[in-house]
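> Starting from the structure of chain S, add chains R and V where the hints point.
Protein chains in written order, with the working numbering: chain S, 1 to 442; chain R, 443 to 734; chain V, 735 to 981.
Hints in this document: simulated from the structure, not taken from any laboratory.
Think of the CB as a built atom: it goes at the ideal place given N, C-alpha and C, for glycine as much as any other residue.
Careful: at least some of the hints might be erroneous.
Stated by the list, open to error - If we take Cβ atoms under 10 angstroms as the criterion, some of the chain V residues that face chain R in the derived model are:
1) Y762
2) W766
3) I792
4) V828
5) M833
6) P868
7) F886
8) R888
9) Y904
10) N933
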Amino acid sequence: MAWVIIGLIIIIAIGIGIYITYKPTATTTPSTSPVSSTSSPPSTNVTITFAGWVSSGAEYEFDVQMVNEFNQLHPGIHVVFTPITSNYYSTLATRLATGTGPSVFYMENTELPRFAAAGYLANLSALANYPSYNLSDFIPNMLKTFYYKGTLYAVPKDWGVLGVYYNKKLLQMAGLPDPPANWNWTTFMYYLKTLKQKLPPGYYPMTVTPSWARILAFVHEAGGDWVNQAGTGTPTNTTPIYEGLAFWYNLYNKGYAVLASNLSAGWNGGDFALGKVAMVVSGTWTIPVLESNSSQVPAGEWGVQWLPSDEQRGTMMFVVGLAVNSHLSPAQMKAAIEFVEWFTSENGEYMWVMKGLALPARLSILHNSTYISANPAAAYLAEQFPYAYGWAYNTTNWDALHTDVHNVVANLFSGTITLNQAYKEIVNDTNLCLSGQCPTTG
Amino acid sequence: MNGKEGKSNTTGYLFILPAFALIISFMLFPAAFSLLISLMHYDLFFHEIYPVGLLNYATVLSDPLFRISLLHALEYTAIVVPVQTLLAFAFALIFNEETKLARITRATVFIPAVTSSAVMSVLFIYVFSSAGLLNAFLRLFGIHPQNWLLSTTWAFPAIMALNIFSTTPYFMVMFLASLQSIPSSIMDAAAIDGVRTAIQRARFFYVPLLRFSFFFVAVLGIIGSMQLFDQVYIMTAGGPGTSTYVPLMYIYNEAFIYDNFGVAAAASFVLFIIIMALTITQRKLIPEIRWA
Amino acid sequence: MILKSFRESIFPHFPPNLLPLVDTISNYIYVWRFGAFPLWYLNSVIIAITTTAGSVFIGALAGYAFARLEFKGRDVLFYIVLATLMIPFPVITVAEYIMMVDIHWVNTYQAVIIPSMVSAVNIFLMRQYFTTIPTEVEEAARIDGLKTHQIFLRIAAPLAKPAFAAAAIYTFLSAWNSFLWPLFVLQTPNHFTLPLAINFFKGANGVQIYWNQMTAAEVLSLLPTLIIYIVFERYFIRGIAINVNKG
Chain S
1 MAWVIIGLII
11 IIAIGIGIYI
21 TYKPTATTTP
31 STSPVSSTSS
41 PPSTNVTITF
51 AGWVSSGAEY
61 EFDVQMVNEF
71 NQLHPGIHVV
81 FTPITSNYYS
91 TLATRLATGT
101 GPSVFYMENT
111 ELPRFAAAGY
121 LANLSALANY
131 PSYNLSDFIP
141 NMLKTFYYKG
151 TLYAVPKDWG
161 VLGVYYNKKL
171 LQMAGLPDPP
181 ANWNWTTFMY
191 YLKTLKQKLP
201 PGYYPMTVTP
211 SWARILAFVH
221 EAGGDWVNQA
231 GTGTPTNTTP
241 IYEGLAFWYN
251 LYNKGYAVLA
261 SNLSAGWNGG
271 DFALGKVAMV
281 VSGTWTIPVL
291 ESNSSQVPAG
301 EWGVQWLPSD
311 EQRGTMMFVV
321 GLAVNSHLSP
331 AQMKAAIEFV
341 EWFTSENGEY
351 MWVMKGLALP
361 ARLSILHNST
371 YISANPAAAY
381 LAEQFPYAYG
391 WAYNTTNWDA
401 LHTDVHNVVA
411 NLFSGTITLN
421 QAYKEIVNDT
431 NLCLSGQCPT
441 TG
Chain R
443 MNGKEGKSNT
453 TGYLFILPAF
463 ALIISFMLFP
473 AAFSLLISLM
483 HYDLFFHEIY
493 PVGLLNYATV
503 LSDPLFRISL
513 LHALEYTAIV
523 VPVQTLLAFA
533 FALIFNEETK
543 LARITRATVF
553 IPAVTSSAVM
563 SVLFIYVFSS
573 AGLLNAFLRL
583 FGIHPQNWLL
593 STTWAFPAIM
603 ALNIFSTTPY
613 FMVMFLASLQ
623 SIPSSIMDAA
633 AIDGVRTAIQ
643 RARFFYVPLL
653 RFSFFFVAVL
663 GIIGSMQLFD
673 QVYIMTAGGP
683 GTSTYVPLMY
693 IYNEAFIYDN
703 FGVAAAASFV
713 LFIIIMALTI
723 TQRKLIPEIR
733 WA
Chain V
735 MILKSFRESI
745 FPHFPPNLLP
755 LVDTISNYIY
765 VWRFGAFPLW
775 YLNSVIIAIT
785 TTAGSVFIGA
795 LAGYAFARLE
805 FKGRDVLFYI
815 VLATLMIPFP
825 VITVAEYIMM
835 VDIHWVNTYQ
845 AVIIPSMVSA
855 VNIFLMRQYF
865 TTIPTEVEEA
875 ARIDGLKTHQ
885 IFLRIAAPLA
895 KPAFAAAAIY
905 TFLSAWNSFL
915 WPLFVLQTPN
925 HFTLPLAINF
935 FKGANGVQIY
945 WNQMTAAEVL
955 SLLPTLIIYI
965 VFERYFIRGI
975 AINVNKG
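Next up, chain S with everything else stripped away, as it sits in the complex:
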């Protein structure tokens, strides 16, 4: 008897499952893929999918809202949002490689060469044909990073930039004024030394993470670069790499900064928001955290400043763009480009950046007074853009390269290797990886 019941439950459950799969709602995936496009979408002509990662609940809701609005404004097109919630690039790559990829998707300039070289990205020069789109409105050194071999494969959607956050109260405790915009490494170290002396126990001058992405800013400030123009290896002069690495590592090694994982948030921005850290280097994504309810640093008690300079000014920018799947039918391609155009147009981008979660890639918005007064800290940090270096290295071997260097830095911070060894390994491995022979150091 019990078995009959269990059997019935199985049948009913399967029934419900099948019903939900096949019931007529807009939950289909597009006909780009050999996916069973099971239910009939509402009477529209073209269906496309849009995928991205979701860096926050707010971003998810925004993307859903944008998709709905676009669908209403464009009755001939139906966009389905298919976010990839984890392992973005490997999942995206598997889907694209098996023909089940999304039509429009987030793409960063680190991965762009690889996807473009494999032929998955569509040429977006058609965007220039939209009169109000205005490609030249994009920050020039940013748009440049989305070209590969002369063709435009993605357009910027938003970006984040590194800056220094400082806690005014803690700085005052140490008798320090707000840092000036033209401060340099010497001033920076002076601030840290003073903070270390004067802050009471339980408060830290700074936190750091063993991240190559932060060290790079300092490499640039030291007047150099990590990878040469052609993307074939390190530049001839690799001293700036050493200087940047040494500077960041010594902050930790000489006791001025503790590891971010020591505090309960586990990352620089989060730890700063706990109110126990005087300064951190973090990105503009920390601003919403500082403005949220859970921040222990009230408004007015924190400020932002540009990164200190050395030989020159430098900072890192992390740009996210939108790309289009090259394996689409002509109708889908047209629809996809419509969507990208709409999403990254002045209007679309304005709506997104006014949420304060990311920076605008368009100069017109960046210099728009409404935007600036609504997001003063973000707008100020964004003005570093002429000195900002994109996370773009013209290589199809990005994952391996970055993982390798990241591990070297992690080893350095955990004390398994010395600074000199780390430096040599980074230079060596970079040259090897960029010529296709990454050592598999795990």
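Chains R and V only, in chain S's frame:
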């Protein structure tokens, strides 16, 4: 194991038919496909697919990194499996009562097993950090606080501890279930015969009668431990240095970072054979262990 | 911190920074109203229940066969079952995904349910348990003329309730927390399961985690499995359950 004769051949096959239909379709086919892949240079992304014979296997077997990862897996298995098996057994014995306290304790103890390993790992990154809970606890004993995951000596033991903590309750369930199959009449008779202490009960009754559960827990323990991945991936990525590097990290990296599916597949099969060998060996050893 | 200390109840914990209760509850409300959270919850429930029911039943059949029935190649076949557990996941997941693409099962519920309806762990568990049941009753039944499937349904299975309970717990747990496969296969948000949805509370740059929301979501997520555990465990704690000597 008693069986029946004659026409139970067909009955036997019928009984296993649903299971095997699914196994063949969804596990053996992909496995065969993977075996094929291991003989090829398989880059699905760039569509560079061509056979390379046993080259992948040669690469894998001569790679010192793979060998280190195997050593770590064996080390890990050798320590974690006995500990979690014994602990699970002990917990099952201790908590095998119907009292409210026992129920609550069991449910609480079971929580780590129920939480997804991803979330546990992220949580424990903090627990093991310099300002984390573990150090707070150890400070009571005067032990100097340090960041356990950044130490080449302690990162691996930390991960071992985390896993023992979360899989012991999982296996406790199995022991609890099989403790039920021991009729109370036997235990009563034994008590009359003079078997009074817990240790005697354990030695003469529980362990021998439960040996099938021991086998289950030990085998699954071995299979699971050799395939350790989630915690290492999230907490240490194989570091610091290579102190927590395990075979699944190697396979994962080869597959998803270096795009070397062929090599990943070859490494997968080498690992598979090793696990299979371990399981068969263990099967031969267990029946012979008498707790006397 | 309350939530963390809830988790570490075995570790002695030190007076945590007690958040005001209101704050904590608002996190739960936020999570529940986020996106399609109730739908994701429901998806997880349906998928987990279906998978569990199917897998336990199929596993019991196979386990009984391996334990009690004799047929050619039984041991080899059993090792094949065990072997399926020994194949590392990365390559096989991609291979399976490619298969799903070919049979048009991408983004469907059946892709997540049906392959998981066979569980080597269950078969193994059932086999081990059935071996420990004394055979006298079964032999008596056979003498009485019962067919094998009747013996299974009426005699062996009821005696194996603890094993069924354990198997149910294990399968539910595994189906509920299953992450990588749904990540590959389930593409539109309406199909998402909870483990996928919990990632919405983790920053994409891999660093930033919205702790409050994530822990709230995780607590909500572990409730069903905990409930299943509590419900099913009474099948193996109910004193000594077996009446071997019933006539």
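> With chain R as the partner, please determine if V/V828 meets the hint condition of a C-beta pair closer than 10 angstroms.
Hint holds; V/V828 Cβ to chain R Cβ min 7 angstroms, cut 10 angstroms.
> Grab the minimum C-beta distance from V/I792 to chain R and call the hint holds if it beats 10 angstroms, violated otherwise.
Since the shortest Cβ distance to chain R is 5 angstroms, the answer is holds.
> Using 10 angstroms as the Cβ threshold, decide whether V/Y762 counts as touching chain R.
16 angstroms, violated
> Under 10 angstroms, Cβ to Cβ, is where V/Y904 needs to be relative to chain R, so tell me if that hint holds or is violated.
Holds: closest Cβ of chain R sits about 7 angstroms from V/Y904, inside 10 angstroms.
> Regarding the hint that V/R888 lies at the interface with chain R, is the smallest CB-CB distance below 10 angstroms?
15 angstroms, violated
> Tell me if the interface restraint on V/M833 is satisfied: Cβ within less than 10 angstroms of some Cβ in chain R.
6 angstroms, holds
> Should the interface hint for V/F886 be scored as holding, given a Cβ-Cβ cut-off of 10 angstroms against chain R?
8 angstroms, holds
> Return the status of the interface hint for V/W766: holds when the least beta-carbon distance to chain R is below 10 angstroms, violated otherwise.
18 angstroms, violated
> Is the interface hint satisfied for V/N933? The criterion is a beta-carbon contact with chain R at less than 10 angstroms.
Constraint on V/N933 satisfied, holds at 9 angstroms.
> Answer holds if the nearest beta-carbon of chain R is closer than 10 angstroms to that of V/P868; otherwise answer violated.
9 angstroms, holds
The structure fails hints 1, 2 and 8 (numbered hints given earlier, in ascending order).
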